[in-house]
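S.K.: Sequence:
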Amino acid sequence: MITLFCLPCAGGSASMYFPWQAALQGVARLQAIELPGRGRRVREALLQDYGVLVNRLADELAGAAAPSSGYVLFGHSMGGLLAQGLARALPQRGWPAPRALMISACAAPLAREWIAPDDSDAALIAAMRRQGGTRDEVFDCPELLELALPVLRADYRVCASFQAQRPAGEMAALLDLPVHVYGGVSDPVGAAPLQAWQRETHGPVTLDWFDGGHFYLQARQDELLARLRRHLQAHANNSTPDADHAAALAHA
105 MITLFCLPCA GGSASMYFPW QAALQGVARL QAIELPGRGR RVREALLQDY GVLVNRLADE
165 LAGAAAPSSG YVLFGHSMGG LLAQGLARAL PQRGWPAPRA LMISACAAPL AREWIAPDDS
225 DAALIAAMRR QGGTRDEVFD CPELLELALP VLRADYRVCA SFQAQRPAGE MAALLDLPVH
285 VYGGVSDPVG AAPLQAWQRE THGPVTLDWF DGGHFYLQAR QDELLARLRR HLQAHANNST
345 PDADHAAALA HA
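Per the numbering used here, the sequence shown starts with residue 105, numbered consecutively.
Hint data in this document are derived by calculation from the structure and do not stem from the laboratory.
Quick reminder that beta carbons are idealized off the backbone N, C-alpha and C, glycines included.
Mixed in with the good hints, there may be bad ones.
Claimed, not checked - Cβ pair distances, simulated, as ranges:
no., residue 1, residue 2, range
1, Asp163, Asp315, 36 to 46 angstroms
2, Arg133, Asp326, 14 to 24 angstroms
3, Pro246, Ala149, 19 to 29 angstroms
4, Gln196, Asp315, 36 to 46 angstroms
5, Ser224, Gln129, 40 to 50 angstroms
6, Gly130, Ala201, 37 to 47 angstroms
7, Asp315, Pro195, 34 to 44 angstroms
8, Ser119, Ala168, 37 to 47 angstroms
9, Pro246, Leu278, 39 to 49 angstroms
10, His306, Arg147, 18 to 28 angstroms
With the sequences and hints as input, model every part of the structure.
M.R.: Below, the structure written as structure tokens:
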């Protein structure tokens with residue numbers, strides 16, 4: 105069975121993917137990757153540099169044998185940046201390339217806005233409210249905010265470090281694998297930044313839209329998982345899902 109490695113969004117943890125286990129049973133072996141400083145790794149130091157974090161994750165994964173039936177990488181928002189970094193880093197450590205890359209609500213590297221973020225408490229709280237995906241009780245509880253803000257700040261700095269100077273190795277070579285892109289029709293990460301994933305790979309690119317904003321994957325979880333199952337089943341058979349390129353390039 106093919107393995108699906110899932111990487112979390114900024115401020116998130118592996119637990120955001122736990123509800124997917126049942127829906128993907130029999131299709132893929134889901135492995136939600138935990139980043140340092142949260143979840144079961146809460147005692148570890150938070151990392152704030154993109155290159156350091158990708159290399160740490162790649163070293164940890166490559167410490168074991170590659171999945172015998174192949175693997176796919178999925179990342180939501182910041183997790184998309186980490187996923188495409190791992191797609192490059194893991195083959196350098198002896199693993200085969202992933203069968204595909206799955207990117208959710210993440211602008212392609214060449215289409216990202218190269219600005220330094222404001223990571224003050226007030227700005228981070230405003231971003232959490234604006235993007236959705238955070239339970240209301242978090243904003244009403246200083247103790248919960250005290251736990252959430254350092255993680256989100258570190259992750260924003262990971263993204264800023266990527267934006268400040270994209271690793272030279274990533275600039276030098278395109279990926280050579282299928283990329284499936286998923287977006288919310290109301291997400292500020294709009295059509296052009298998602299379509300720009302075509303400029304990151306020699307492989308085919310598909311683009312699927314769902315009702316909702318940046319965290320459409322919560323509100324439209326069943327619809328997204330149905331599409332993921334279809335794509336995973338095709339890659340498990342070493343085939344590429346048919347892509348309607350006209351639909352892929354149009355904003356639903």
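S.K.: Would you say the C-beta atoms of Gln196 and Asp315 sit inside 36 to 46 angstroms of each other?
M.R.: holds, 39 angstroms
S.K.: Per the hint of 40 to 50 angstroms, is the separation of the Cβ atoms of Ser224 and Gln129 within bounds?
M.R.: Because 43 angstroms falls inside the window, the suggested range holds.
S.K.: If I claimed the Cβ atoms of Arg133 and Asp326 lie 14 to 24 angstroms apart, would that claim hold in this structure?
M.R.: At 20 angstroms between Cβs, range holds.
S.K.: Looking only at beta-carbon atoms, does the pair Asp163, Asp315 fall within the given range of 36 to 46 angstroms?
M.R.: holds, 39 angstroms
S.K.: Between the beta carbons of Pro246 and Ala149, is the distance compatible with 19 to 29 angstroms?
M.R.: Holds, since Pro246 and Ala149 (Cβ atoms, about 23 angstroms apart) stay within the stated range.
S.K.: With respect to the beta-carbon atoms only, verify the hint that His306 and Arg147 lie 18 to 28 angstroms apart.
M.R.: violated, 41 angstroms
S.K.: Taking the beta carbons of Pro246 and Leu278, is their distance inside 39 to 49 angstroms?
M.R.: holds, 46 angstroms
S.K.: Could you tell me whether the CB distance from Ser119 to Ala168 stays inside 37 to 47 angstroms?
M.R.: violated, 22 angstroms
S.K.: Can you let me know if the beta-carbon spacing of Gly130 and Ala201 is within 37 to 47 angstroms?
M.R.: violated, 25 angstroms
S.K.: Could one say that the CB atoms of Asp315 and Pro195 fall in the range 34 to 44 angstroms?
M.R.: holds, 36 angstroms
Comparing the model with each numbered hint stated earlier shows that hints 6, 8 and 10 do not hold.
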